[in-house]
Every structure is written in C-alpha cells, then in structure tokens.
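Protein sequence lines, in the order shown, are assigned to chains A and B. For the first sequence, my numbering begins at 1 and goes up steadily by one. For the second sequence, my numbering begins at 1 and goes up steadily by one.
Please keep in mind that the hints were generated in silico from the structure rather than gathered at the bench. Mixed in with the good hints there might be a few duds.
What the hints assert, rightly or not - Straight-line distance between alpha carbons at most 20 Å, and here's what the computed EDC-like set of lysine to aspartate or glutamate pairs gives:
{"no.": "1", "chain 1": "A", "residue 1": "K154", "chain 2": "A", "residue 2": "D202"}
{"no.": "2", "chain 1": "A", "residue 1": "K154", "chain 2": "B", "residue 2": "D25"}
{"no.": "3", "chain 1": "B", "residue 1": "K122", "chain 2": "B", "residue 2": "E165"}
{"no.": "4", "chain 1": "A", "residue 1": "K154", "chain 2": "B", "residue 2": "E114"}
{"no.": "5", "chain 1": "B", "residue 1": "K11", "chain 2": "A", "residue 2": "E35"}
{"no.": "6", "chain 1": "A", "residue 1": "K175", "chain 2": "A", "residue 2": "D16"}
{"no.": "7", "chain 1": "A", "residue 1": "K234", "chain 2": "B", "residue 2": "E2"}
{"no.": "8", "chain 1": "A", "residue 1": "K234", "chain 2": "B", "residue 2": "D109"}
{"no.": "9", "chain 1": "A", "residue 1": "K195", "chain 2": "B", "residue 2": "E39"}
{"no.": "10", "chain 1": "B", "residue 1": "K3", "chain 2": "A", "residue 2": "D226"}
{"no.": "11", "chain 1": "B", "residue 1": "K180", "chain 2": "A", "residue 2": "D122"}
{"no.": "12", "chain 1": "A", "residue 1": "K234", "chain 2": "B", "residue 2": "E10"}
{"no.": "13", "chain 1": "A", "residue 1": "K219", "chain 2": "A", "residue 2": "E237"}
{"no.": "14", "chain 1": "B", "residue 1": "K138", "chain 2": "B", "residue 2": "D190"}
{"no.": "15", "chain 1": "B", "residue 1": "K130", "chain 2": "B", "residue 2": "E114"}
{"no.": "16", "chain 1": "A", "residue 1": "K233", "chain 2": "B", "residue 2": "D38"}
{"no.": "17", "chain 1": "B", "residue 1": "K182", "chain 2": "B", "residue 2": "E2"}
{"no.": "18", "chain 1": "B", "residue 1": "K130", "chain 2": "B", "residue 2": "E199"}
{"no.": "19", "chain 1": "B", "residue 1": "K197", "chain 2": "B", "residue 2": "E147"}
{"no.": "20", "chain 1": "A", "residue 1": "K233", "chain 2": "B", "residue 2": "E27"}
{"no.": "21", "chain 1": "A", "residue 1": "K219", "chain 2": "B", "residue 2": "E10"}
{"no.": "22", "chain 1": "B", "residue 1": "K130", "chain 2": "A", "residue 2": "E22"}
{"no.": "23", "chain 1": "A", "residue 1": "K195", "chain 2": "B", "residue 2": "D38"}
{"no.": "24", "chain 1": "B", "residue 1": "K182", "chain 2": "A", "residue 2": "E35"}
{"no.": "25", "chain 1": "B", "residue 1": "K11", "chain 2": "A", "residue 2": "D222"}
{"no.": "26", "chain 1": "B", "residue 1": "K182", "chain 2": "A", "residue 2": "D226"}
{"no.": "27", "chain 1": "B", "residue 1": "K182", "chain 2": "B", "residue 2": "E165"}
{"no.": "28", "chain 1": "A", "residue 1": "K195", "chain 2": "B", "residue 2": "E165"}
{"no.": "29", "chain 1": "A", "residue 1": "K154", "chain 2": "B", "residue 2": "E10"}
{"no.": "30", "chain 1": "A", "residue 1": "K73", "chain 2": "A", "residue 2": "E22"}
{"no.": "31", "chain 1": "B", "residue 1": "K130", "chain 2": "A", "residue 2": "D222"}
{"no.": "32", "chain 1": "B", "residue 1": "K180", "chain 2": "A", "residue 2": "E114"}
{"no.": "33", "chain 1": "A", "residue 1": "K212", "chain 2": "A", "residue 2": "E22"}
{"no.": "34", "chain 1": "B", "residue 1": "K18", "chain 2": "A", "residue 2": "E114"}
{"no.": "35", "chain 1": "A", "residue 1": "K233", "chain 2": "B", "residue 2": "E10"}
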Amino acid sequence: MAKEKVQLIVDGKRIDGRTPEETRSIRIEAGILNEADGSAYIEWGGNKIICGVYGPRECIPRHEASPYRSIVKCRYMMSPFASLEEHGRSGPSRRSTELSKVIRETFENLIISERFPNTQIDIFIDVLQASGGTRTASVTAAAVALVNAGIPMKDVVSSVAVGKAGDELIVDLNKEEDNQGQSDVPIAMSHQDRKILLLQMDGLLTRDEIAKMVEMAEKTCDNIYDMQSAALKKIYEKGEDENIEW
Amino acid sequence: MEKRVVLPGEKIADGRAKIPHTFFDGEATYAEVIGTLDEEGRYIALESAYRPSVGDTIIGIVTNIRRAGYLVDLNLPQEGLIVGRDVKVKLQRGDIVMCRVKMVTEVGDTELGEVRRLPRGKVVDFPPSKTPRLIGRKSSMLNLLREHAEGDVMVGNNGYVWISEKSNIPLVLKAISLVKQKAHRSGLTDEMAEMLKKETQG
Chain A
1 MAKEKVQLIV
11 DGKRIDGRTP
21 EETRSIRIEA
31 GILNEADGSA
41 YIEWGGNKII
51 CGVYGPRECI
61 PRHEASPYRS
71 IVKCRYMMSP
81 FASLEEHGRS
91 GPSRRSTELS
101 KVIRETFENL
111 IISERFPNTQ
121 IDIFIDVLQA
131 SGGTRTASVT
141 AAAVALVNAG
151 IPMKDVVSSV
161 AVGKAGDELI
171 VDLNKEEDNQ
181 GQSDVPIAMS
191 HQDRKILLLQ
201 MDGLLTRDEI
211 AKMVEMAEKT
221 CDNIYDMQSA
231 ALKKIYEKGE
241 DENIEW
Chain B
1 MEKRVVLPGE
11 KIADGRAKIP
21 HTFFDGEATY
31 AEVIGTLDEE
41 GRYIALESAY
51 RPSVGDTIIG
61 IVTNIRRAGY
71 LVDLNLPQEG
81 LIVGRDVKVK
91 LQRGDIVMCR
101 VKMVTEVGDT
111 ELGEVRRLPR
121 GKVVDFPPSK
131 TPRLIGRKSS
141 MLNLLREHAE
151 GDVMVGNNGY
161 VWISEKSNIP
171 LVLKAISLVK
181 QKAHRSGLTD
191 EMAEMLKKET
201 QG
C-alpha cells in the first residue's frame with residue numbers, strides 16, 4: 001500500500017484510546033427474531049451483526065443429506081451498506097465464501113450432529129455494519145444463536161482477533177489496525193476444553209509472539225464468554241411486569 | 001428451590017448419568033443444550049429440538065396419500081407414515097390426526113399407530129421443549145384452557161397444538177403465547193387462571 005504510514009500506537013495507547021489488551025465495547029442480545037429457531041444480535045465496536053439459526057430441518061438439496069449426521073450450512077453476507085470500500089461488494093464474493101467456510105468449520109466441530117440424521121442446520125449471518133473483526137464477532141453471535149435454538153453442542157465458542165501493530169501485540173483489532181498493522185490473527189476458542197477452532201494468520205510473527213497471542217486471546221475469550229452467557233440467561237430472568245407480545 | 005441456568009458444555013454430573021440432552025465424554029456428563037440445574041442435580045432442557053420416541057402422542061397433518069398409507073407432517077425434518085391397513089377410517093389430505101409413535105428408525109423415519117382423526121380446527125406450532133408446561137400437572141393447564149375456551153384443545157409432544165373450531169381460538173392463542181414466553185417460571189397455572197378470568201369477563 002502506498003499510503004502514508006500511520007502511527008498506530010502512541011504512548012502505549014492505540015488510535016482509539018484503548019490499551020493493548022482492551023477490547024471495544026460489546027453488547028450481545030439473544031432471541032431477537034420471532035421466526036428463526038434461534039437468533040442473536042451483536043454490537044462490537046462499530047460492527048453490527050445479526051445472526052439467525054434454523055434447524056434441524058429437512059436437507060435441501062436431498063443428495064447432500066447424510067444418513068449419519070446433520071450437515072451444517074453457513075451463509076455469511078455483508079449488507080450493501082456495511083462498509084463497502086474496505087471489504088468489497090456485498091453479495092457472494094471470494095471474501096464471503098471464505099468467511100462462510102471458516103465459520104461453518106468452527107461449528108462443525110462443536111455441534112453434536114449425529115443426533116439428527118438426514119437433516120441440515122442453517123446459520124445465517126448478516127453484517128449490517130462492519131469496522132474490522134466481523135468474522136470473530138460473527139462466530140461469537142452465531143454461538144449465542146445456536147444455543148438459543150437448542151441445537152446440541154459440546155461447548156460454547158468465543159472469538160477475538162489478536163494482532164501486532166506498532167511492534168506491539170494488541171487484542172481486538174479495529175479497521176485501521178487491521179489494514180495498516182503488521183499482523184492479524186483471528187482466534188476462536190471453545191470455553192470448557194480450550195480448543196482452538198479457528199486460527200488464521202495475516203502477516204508475519206515469531207513463534208514466541210504466537211504463543212503470547214494465544215494466551216491473550218484466551219483471556220479475552222473468557223470475558224466474551226461471560227457476556228454471551230449473560231445474554232442467554234437474560235431471556236429467562238425478565239422482570240415480572242414485562243409486556244407479553246402476542 | 002434454587003435453579004441455575006447452564007450452557008452447553010457445563011458439567012451436570014460425575015460419571016455417566018442417563019439424563020436427556022446430555023453427553024458423556026469418558027469421565028463426566030455434560031449439558032448439550034441450554035437448561036436449568038437445581039440443587040439436587042436435576043437438569044431440564046430449556047430449548048431443544050424434538051426427537052420422536054416410541055409411545056409419544058403426536059398431532060400431524062396428512063400431506064400425501066400413497067399406496068402404502070398416508071404421509072403426515074409432524075413438525076419434524078421428515079414426514080411420518082401411517083400404514084394404510086392400520087387405519088379403518090379413510091383419511092384425506094389436510095386431515096388433522098392424533099396418533100402414537102409406533103416405531104422410529106435410526107435415520108428418523110417414524111411410523112405411527114393408534115390414529116384418531118380430529119374434527120376441523122386450527123393447528124399451531126409450539127416449542128416442543130415447552131409442551132409439558134402447556135399440559136400442566138395431571139393436565140391441569142390444558143383442562144383450564146378447555147374450560148375457558150369452551151372447546152377442545154389437544155397438545156402433541158411434537159409441538160403441534162390443535163384447537164377446535166368451536167372454541168374461542170383468539171383466547172387460546174393468547175394463552176399459548178403466554179406459556180411460550182413464561183414456560184420457565186413457576187406458578188404458571190395460577191397466572192393463567194387469572195388471565196383467562198380477566199379475558200372472559202372483560
């Protein structure tokens with residue numbers, strides 16, 4: 001890139017005023033859609049992502065069905081007004097195909113698919129607004145939506161990106177740090193058995209740096225798990241006087 | 001009694017425990033869906049997809065007629081089958097039937113028996129994991145509903161609810177939606193009685 005180099009870290013503070021290990025503000029809501037079996041909405045910094053889950057339901061097309069397990073399908077899509085200059089066009093593209101694939105594979109490792117042979121489970125992710133780190137926010141939201149749908153899973157996954165900018169290791173990269181930093185490593189980790197279900201790397205890092213990053217991601221994922229858990233439990237703890245929707 | 005909400009992957013019991021909606025990994029039993037765990041270690045799923053088991057009473061809609069029998073929509077990924085020679089009455093497409101699950105294969109094909117045709121009415125979808133609350137202890141909730149709606153209401157384990165066309169359908173729908181949203185609470189029958197009373201008088 002021929003752009004002028006931006007100072008990403010000044011006096012230990014990042015361009016949006018965060019410390020290296022601080023995440024942006026996160027708000028998660030579960031069960032927001034009436035028609036989907038499970039749903040979640042996440043606001044992560046400038047990201048706004050909505051996720052709906054259907055299933056297990058009849059597998060279409062039929063020839064993709066397996067008599068041994070239900071198959072998982074994922075569709076990640078950016079809306080036309082998400083933030084097009086940085087991420088390309090909306091609709092099917094190389095980028096959305098890749099993200100759909102990595103998110104699907106994350107959940108294929110978690111869903112106990114042997115329970116529902118000959119069926120499919122659909123995960124639909126719509127990015128309404130993007131500002132860096134949509135794949136990690138999508139995984140976090142989809143995990144909440146799947147639990148909300150009552151789909152059997154071995155664990156709950158949380159996800160965060162770690163990276164390197166201005167020669168410092170940082171957590172939860174925003175758009176500028178992602179585009180102009182030295183490295184970007186999105187990580188998804190299951191909560192109970194601490195398995196890494198997604199790890200992609202952009203840029204160059206040493207072995208020591210990777211080890212340290214995984215440690216940082218683990219700590220952050222724990223915090224995110226607490227938020228996911230709180231969002232899911234909130235549905236069952238509403239006050240006595242709430243209005244019933246007919 | 002103190003109840004706690006558990007998420008998938010949380011430990012329910014040591015060793016292998018035969019509890020629905022859990023899995024075993026060699027050392028302990030873990031939850032596989034969101035549920036509640038009380039102090040005595042009882043785990044109840046809050047959200048779950050229905051899987052038919054033999055003996056369940058379910059409600060379905062006849063969707064197709066084959067030489068072998070009738071295909072029935074059961075609110076499941078696969079349609080169920082009523083073997084033609086098992087039923088004396090002749091069914092038509094769109095008929096609502098109440099039947100018992102006779103057999104389930106490992107790929108989810110269901111065979112139904114003890115078929116009873118229900119009169120005309122409305123069939124609505126209800127979360128299968130919450131049907132026990134809609135029926136109530138010894139059918140208390142269901143009887144309350146029938147009494148106030150002045151008509152028949154039937155609940156299938158698969159989550160289909162049939163409401164007779166003679167009953168007060170809007171009232172029943174309102175009641176169903178109340179159970180749907182407050183299924184995890186205690187004292188639901190009392191709350192329902194109050195609501196129905198208010199609705200029928202006012």
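Okay, the hints, checked on the actual structure:
1. The hinted pair formed by K154 (chain A) and D202 (chain A) fails the criterion: a straight-line CA distance of about 29 Å is larger than 20 Å.
2. Annotation: proposed proximity of K154 (chain A) to D25 (chain B) holds, straight-line Cα distance about 10 Å (limit 20 Å).
3. Straight-line distance between C-alpha atoms of K122 (chain B) and E165 (chain B) comes to about 7 Å, which keeps the hinted pair within the 20 Å bound.
4. Distance restraint check for K154 (chain A) and E114 (chain B): the Cα-Cα separation of roughly 37 Å exceeds the 20 Å cut-off, and the hinted pair is therefore not satisfied.
5. Of the pairs offered as hints, the one joining K11 (chain B) and E35 (chain A) is violated, with about 31 Å between alpha carbons and a cut-off of 20 Å exceeded.
6. Distance check on the hinted pair: K175 (chain A) and D16 (chain A) sit about 11 Å apart at the alpha-carbon level, within 20 Å; holds.
7. Simply put, K234 (chain A) and E2 (chain B) have alpha-carbon atoms about 17 Å apart, close enough for the 20 Å limit, and the pair holds.
8. Distance hint between K234 (chain A) and D109 (chain B) is unfulfilled; the C-alpha atoms sit about 37 Å from each other, more than 20 Å.
9. A threshold of 20 Å between alpha carbons decides the hint, and for K195 (chain A) with E39 (chain B) the separation of about 30 Å lies outside it, so the pair is violated.
10. Among the hinted pairs, K3 (chain B) with D226 (chain A) is consistent with the structure: their alpha-carbon atoms are about 18 Å apart, no more than 20 Å.
11. With a C-alpha separation of about 23 Å, the suggested pair K180 (chain B) and D122 (chain A) falls outside the 20 Å cut-off, and the hint is violated.
12. At roughly 18 Å between alpha-carbon atoms, K234 (chain A) and E10 (chain B) fall within 20 Å of each other, so this suggested pair holds.
13. The suggested pairing of K219 (chain A) with E237 (chain A) is violated, with an alpha-carbon distance near 27 Å, which exceeds 20 Å.
14. A hinted pair counts as satisfied when its Cα atoms are at most 20 Å apart, and K138 (chain B) with D190 (chain B) qualifies at roughly 15 Å.
15. This hinted pair does not check out: K130 (chain B) and E114 (chain B) have alpha carbons roughly 24 Å apart, beyond 20 Å.
16. Among the hinted pairs, K233 (chain A) with D38 (chain B) is consistent with the structure: their alpha-carbon atoms are about 15 Å apart, no more than 20 Å.
17. At most 20 Å may separate the alpha-carbon atoms for a hinted pair to count; K182 (chain B) and E2 (chain B) meet this at roughly 17 Å.
18. Taking the CA atoms of K130 (chain B) and E199 (chain B), the gap is about 23 Å. The hint is violated against a cut of 20 Å.
19. This hinted pair checks out: K197 (chain B) and E147 (chain B) have alpha carbons roughly 11 Å apart, not beyond 20 Å.
20. For a cut-off of 20 Å, the pair hint linking K233 (chain A) to E27 (chain B) is broken: about 27 Å separates their Cα positions.
21. In summary, the hint linking K219 (chain A) to E10 (chain B) is supported, as the alpha carbons are separated by about 19 Å, within the 20 Å threshold.
22. With a C-alpha separation of about 41 Å, the suggested pairing of K130 (chain B) with E22 (chain A) is violated against the 20 Å cut-off.
23. The straight-line distance between the Cα atoms of K195 (chain A) and D38 (chain B) is roughly 29 Å, outside the 20 Å bound, and the hint therefore fails.
24. Distance restraint check for K182 (chain B) and E35 (chain A): the Cα-Cα separation of roughly 18 Å lies within the 20 Å cut-off, and the hinted pair is therefore satisfied.
25. Between K11 (chain B) and D222 (chain A), the direct Cα distance comes to roughly 17 Å. Compliance with the 20 Å bound is thereby established for this hinted pair.
26. Simply put, K182 (chain B) and D226 (chain A) have alpha-carbon atoms about 24 Å apart, too far for the 20 Å limit, and the pair is violated.
27. Straight-line distance between C-alpha atoms of K182 (chain B) and E165 (chain B) comes to about 26 Å, which puts the hinted pair past the 20 Å bound.
28. A distance of roughly 54 Å separates the Cα atoms of K195 (chain A) and E165 (chain B); the hinted pair therefore is violated under the 20 Å criterion.
29. The straight-line distance between the Cα atoms of K154 (chain A) and E10 (chain B) is roughly 9 Å, inside the 20 Å bound, and the hint therefore holds.
30. As the CA atoms of K73 (chain A) and E22 (chain A) are separated by approximately 33 Å, the hinted pair breaks the 20 Å bound.
31. Distance check on the hinted pair: K130 (chain B) and D222 (chain A) sit about 31 Å apart at the alpha-carbon level, beyond 20 Å; violated.
32. Restraint check for K180 (chain B) and E114 (chain A): the C-alpha separation of about 28 Å exceeds 20 Å, so the hint is violated.
33. Distance hint between K212 (chain A) and E22 (chain A) is fulfilled; the C-alpha atoms sit about 15 Å from each other, no more than 20 Å.
34. For the hint pairing K18 (chain B) with E114 (chain A), the CA-to-CA distance comes to about 18 Å; that is within 20 Å, so the pair holds.
35. With a C-alpha separation of about 14 Å, the suggested pair K233 (chain A) and E10 (chain B) falls inside the 20 Å cut-off, and the hint holds.
Going down the numbered hints, you'll see the structure goes against 1, 4, 5, 8, 9, 11, 13, 15, 18, 20, 22, 23, 26, 27, 28, 30, 31 and 32, while the others check out.
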